[in-house]
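Q: Sequence:
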Amino acid sequence: MYKRWLDISRWTFILFLAVCIPAGHTEGNSEQHHSQLDGEQMQPPSTFGRYSPPIEVSFVRETGDDLERMIGQLPGETILDNRWTRLYETELGIHIHYDWIANGDVYSQKLGVSLAAGRFPDVVKVNPYQLRQLSNAGMIEDLTHVYQEHASPLTKRILEAEGRGAFDAATIDGKLMAIPESSSSIETAQYLWIRTDWLEHLGLQSPQTLEDVLQISKAFTERDPDGNGEQDTYGLALTNHLWDPVMGAAGLMSGYGAFPNIWVKDAEGNLTYGGIQPEVREALQVLQTMYLDGQLDPDFGYKSGSKAFRLVQDGKIGMLYGEQWTSFMLQTTRDTDTDIEWQAYPIVAKSGRDLFVPLRSNTGQYFAVKKGFSNPEVVVKLMNLHLETNWGDQAQYETYYNDDSRAVWMLSPVTPFPGNKNIDAYKEIRDARSSGDYSALQNEALAIHKRIVAYDRDGVKSGWGWKQTYGPSGAFSIADSYEKNGQLLYDQFTGGITDTMVDRQIILRDLQLEAYMNIILGRPIDEFDRFVENWRKLGGNQITSEVNAWFRTNKPKEQ
16 MYKRWLDISR WTFILFLAVC IPAGHTEGNS EQHHSQLDGE QMQPPSTFGR YSPPIEVSFV
76 RETGDDLERM IGQLPGETIL DNRWTRLYET ELGIHIHYDW IANGDVYSQK LGVSLAAGRF
136 PDVVKVNPYQ LRQLSNAGMI EDLTHVYQEH ASPLTKRILE AEGRGAFDAA TIDGKLMAIP
196 ESSSSIETAQ YLWIRTDWLE HLGLQSPQTL EDVLQISKAF TERDPDGNGE QDTYGLALTN
256 HLWDPVMGAA GLMSGYGAFP NIWVKDAEGN LTYGGIQPEV REALQVLQTM YLDGQLDPDF
316 GYKSGSKAFR LVQDGKIGML YGEQWTSFML QTTRDTDTDI EWQAYPIVAK SGRDLFVPLR
376 SNTGQYFAVK KGFSNPEVVV KLMNLHLETN WGDQAQYETY YNDDSRAVWM LSPVTPFPGN
436 KNIDAYKEIR DARSSGDYSA LQNEALAIHK RIVAYDRDGV KSGWGWKQTY GPSGAFSIAD
496 SYEKNGQLLY DQFTGGITDT MVDRQIILRD LQLEAYMNII LGRPIDEFDR FVENWRKLGG
556 NQITSEVNAW FRTNKPKEQ
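According to the working numbering, the sequence shown is numbered sequentially starting from 16.
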C-alpha cells in the first residue's frame with residue numbers, strides 16, 4: 016500500500032531550522048559588505064531620490080529553467096547585469112549584489128541554513144513562517160515608518176488594493192516587519208481546461224455539472240479519444256501536491272462544497288478550516304473511484320508538477336484544473352501538433368449544489384530587511400521604481416515587463432505588480448472589442464491585444480496562449496462571470512501566522528495531504544475521520560481558537 020509520499024526529511028529540516036534561530040540574535044554576518052561604496056556622506060533618501068554616492072544592496076536569488084532559458088534569448092544580459100540592475104543603478108544609485116544564486120530545492124535549503132545562522136543578505140524574501148521566526152529572534156528591521164515615509168502613492172495604492180490583509184499578515188506586535196509582495200485573490204480562481212478536439216472526436220458536449228465532468232473523464236479514458244487504437248489516455252491530470260495551481264484537485268473538490276485549503280464560516284458565523292469538513296469525504300471518494308477506474312495516472316502520487324505535465328505534453332491527458340495562466344503551459348502541447356485544442360470552462364458543481372469558487376489569500380512572500388542595515392528604505396524605493404516603470408504615467412511595459420512575450424520582469428530582484436492587472440487588462444480589451452474602438456488601449460492591455468491580433472491575423476503561434484486567457488471565451492471571461500454571479504468564495508482568514516501555526520502548521524498540512532492521498536489511492540474513507548481527529552489534537556483546535564480570536568477583532572469586509 017501507498018507509503019508516505021512527502022519527503023519527511025525536508026519537513027524535519029525546516030522544523031530544525033525553526034528552533035535553531037537563537038532568540039535575540041541580531042549580530043548577523045560578520046563578513047557582511049558595507050552598504051556604502053565609499054566613505055562619502057550620503058544624501059537623505061526620498062521616494063525616488065538617487066543615492067550619492069551609490070550604495071550596494073545584497074540579495075540572494077532563486078533561478079530556474081524558465082529564467083535561464085529567457086536570459087539565453089537576451090543578448091548582453093545576465094542575471095547579474097541586465098536592464099533592471101542597470102535601471103536601479105542609473106535612477107536610484109543602487110547597485111544590486113547577489114550573495115549567492117541557486118536553483119529550486121537547493122535555493123530553499125540554502126536559504127533556510129542562511130536564516131538559521133543569521134547570515135542572510137540586506138534584503139531577503141521570506142515566507143510567513145520565516146518572517147515570524149526572524150521577527151521573534153530580533154533579526155530584522157521594523158519597516159513601519161519606512162513604508163509610511165518612502166512608499167510612493169502608486170506603490171501604496173497597488174499594494175493595498177485588496178485591503179490591508181497582506182499588511183496585517185506582515186505586522187507582528189503592532190510593527191510592520193516586512194513589505195508584502197501582494198497579489199489579488201482572483202488570480203487563484205480555478206478553471207477546467209479540456210481537450211476540445213477530443214470532445215468533438217467523441218461527440219461529447221461541454222460539462223454543465225460535475226456528473227458531466229465524470230462522464231467525460233470516463234470517456235476520455237475508455238473510448239480512445241486520440242484514435243491510436245490503444246487505451247493509453249487518462250481523463251484527468253493530478254500531481255502529488257493536491258493543491259498545485261495547475262493539475263490540482265481543489266477545482267473538482269469545490270464542486271462538492273469542499274474547500275480543503277481555506278478558512279470558511281460555519282453555521283454560527285465562526286471560522287472553521289475547510290480541510291476537515293464532511294463535504295471533503297464525498298470528494299475524496301469520487302477521486303478514489305476515478306483512480307481505481309484508471310482515469311488518473313497510476314503514478315501521479317509520485318510526480319511533481321513538471322513530471323505530471325509530461326503526460327499532458329505527450330497527448331495522454333484530456334482534462335485538468337488550473338489557474339488562468341495554464342494556457343501558456345498548454346501552448347507547448349501544440350508545438351508538435353497544432354490540431355490539439357484546449358479550452359477553459361467554468362468549474363461546475365454537483366447537480367443540486369450551488370457553485371462557489373474558492374480563492375486563496377494570494378500573498379505568500381515578504382521582503383524583510385536585516386537588522387542593522389543602514390538603508391532599510393531601499394526595498395520600498397526599488398518597488399517604487401519597478402511599479403512606476405511598468406504601470407506609471409510614463410510606463411515602458413514592453414521594455415521592462417514583457418518584451419516580445421519574454422517575462423523580463425523576472426530579471427528584477429523585487430517584482431511587485433498590481434494584483435488586478437490581469438483581469439483589468441481583460442476588461443479593457445473586452446470593452447474595446449465591444450465598442451470596436453481600440454485606440455484607448457495602452458501598456459499591458461495594448462500589448463496583449465496586439466498578440467491576440469497577431470495570432471488571429473498572422474498565425475503567430477505565441478498568441479494562442481494569450482487568446483485562451485484574454486480572448487472572448489478565455490479564462491478571464493469566466494472569472495468575470497464568476498464575479499458577476501457572486502460565486503467567488505474568499506479565504507476568510509487573512510491574518511498572519513498565529514503562535515501555534517509557527518510550530519504546527521507544516522505538520523498539519525503534511526498530515527492532511529498524506530491522509531487525502533492515501534484515501535485517493537485506495538485506503539478506506541474512515542481514514543478521513545481519523546485525520547480530522549488527529550488534526551484537532553495536534554494543534555488544529557488551538558489554531559482554530561487563535562484564528563477566531565483574530566476574526567472577532569479583524570472581521571474582513573464582506574465580499
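Keep in mind the hints are simulated off the structure, nothing from the lab. Fair warning: there could be bad hints in the mix.
[To be verified] Keeping only pairs whose Cα atoms sit at most 27 Å apart, straight-line, the calculated DSS-like set for lysine-lysine is:
#, residue 1, residue 2
1, Lys171, Lys190
2, Lys233, Lys171
3, Lys386, Lys233
4, Lys465, Lys482
5, Lys465, Lys171
6, Lys499, Lys482
7, Lys499, Lys476
8, Lys365, Lys499
9, Lys190, Lys570
10, Lys499, Lys386
11, Lys331, Lys280
12, Lys280, Lys322
13, Lys476, Lys436
14, Lys280, Lys482
15, Lys331, Lys190
[What the hints assert, rightly or not] Each pair of labels, with its calculated beta carbon distance range:
#, residue 1, residue 2, range
16, Glu245, Gly407, 54 to 64 Å
17, Glu106, Thr224, 39 to 49 Å
18, Tyr453, Gly407, 17 to 27 Å
19, Gly218, Arg325, 36 to 46 Å
20, Ser488, Gly451, 11 to 21 Å
21, Asp408, Lys331, 24 to 34 Å
22, Thr159, Gln292, 29 to 39 Å
23, Asp544, Asn569, 39 to 49 Å
24, Asp408, Ile540, 54 to 64 Å
25, Ser496, Gln292, 54 to 64 Å
A virtual CB, placed ideally from N, CA and C, is assigned to each residue, including glycine.
Q: Next, verify each hint and record whether it holds.
A: Hints versus structure:
Taken as a hint, the Lys171 and Lys190 pair is honoured in the structure, with Cα atoms around 17 Å apart against an allowance of 27 Å. Of the pairs offered as hints, the one joining Lys233 and Lys171 is violated, with about 49 Å between alpha carbons and a cut-off of 27 Å exceeded. A hinted pair counts as satisfied when its Cα atoms are at most 27 Å apart, and Lys386 with Lys233 does not qualify at roughly 57 Å. Taking the CA atoms of Lys465 and Lys482, the gap is near 10 Å; set against the 27 Å cutoff, the hint holds.
For the proposed pair Lys465 and Lys171, the alpha carbon gap of about 30 Å is over 27 Å, so the pair is violated. As the CA atoms of Lys499 and Lys482 are separated by approximately 21 Å, the hinted pair is consistent with the 27 Å bound. At roughly 32 Å between alpha-carbon atoms, Lys499 and Lys476 are farther apart than 27 Å, so this suggested pair is violated. This hinted pair checks out: Lys365 and Lys499 have alpha carbons roughly 21 Å apart, not beyond 27 Å.
Taking the CA atoms of Lys190 and Lys570, the gap is about 20 Å. The hint holds against a cut of 27 Å. Of the supplied pair hints, the one linking Lys499 and Lys386 is violated, its CA atoms being roughly 46 Å apart against a limit of 27 Å. Restraint check: the Cα-Cα separation between Lys331 and Lys280 comes to about 39 Å, which exceeds 27 Å; the hinted pair is violated. Using a Cα cut-off of 27 Å, the hinted pair Lys280 and Lys322 is violated, with the two alpha carbons roughly 36 Å apart.
Distance restraint check for Lys476 and Lys436: the Cα-Cα separation of roughly 24 Å lies within the 27 Å cut-off, and the hinted pair is therefore satisfied. Between Lys280 and Lys482, the direct Cα distance comes to roughly 37 Å. Violation of the 27 Å bound is thereby established for this hinted pair. A hinted pair counts as satisfied when its Cα atoms are at most 27 Å apart, and Lys331 with Lys190 does not qualify at roughly 51 Å. Distance hint for Glu245 and Gly407: a CB-CB separation of about 56 Å, consistent with the stated range 54 to 64 Å.
The given range of 39 to 49 Å is broken by Glu106 and Thr224, whose C-beta atoms sit roughly 55 Å from each other. At about 22 Å, the beta-carbon gap between Tyr453 and Gly407 stays in the expected band of 17 to 27 Å. Taken as a hint, the range 36 to 46 Å is violated for the pair Gly218 and Arg325, whose Cβ atoms sit roughly 29 Å apart. For Ser488 and Gly451, the hinted distance range of 11 to 21 Å is satisfied, since their beta carbons lie about 18 Å from each other.
Asp408 and Lys331 have their C-beta atoms about 49 Å apart, which leaves the hinted 24 to 34 Å range violated. One distance hint, 29 to 39 Å for the beta-carbon pair Thr159 and Gln292, holds here, with the actual separation near 38 Å. Checking the proposed 39 to 49 Å range against Asp544 and Asn569 shows it is violated: the Cβ atoms sit about 32 Å from each other. Taking the beta carbon of each, Asp408 and Ile540 are about 58 Å apart, inside 54 to 64 Å as hinted.
Look at Ser496 against Gln292: about 26 Å separates their beta carbons, and that is not inside 54 to 64 Å.
Taken one by one, the earlier hints fail for this structure at numbers 2, 3, 5, 7, 10, 11, 12, 14, 15, 17, 19, 21, 23 and 25, listed in ascending order.
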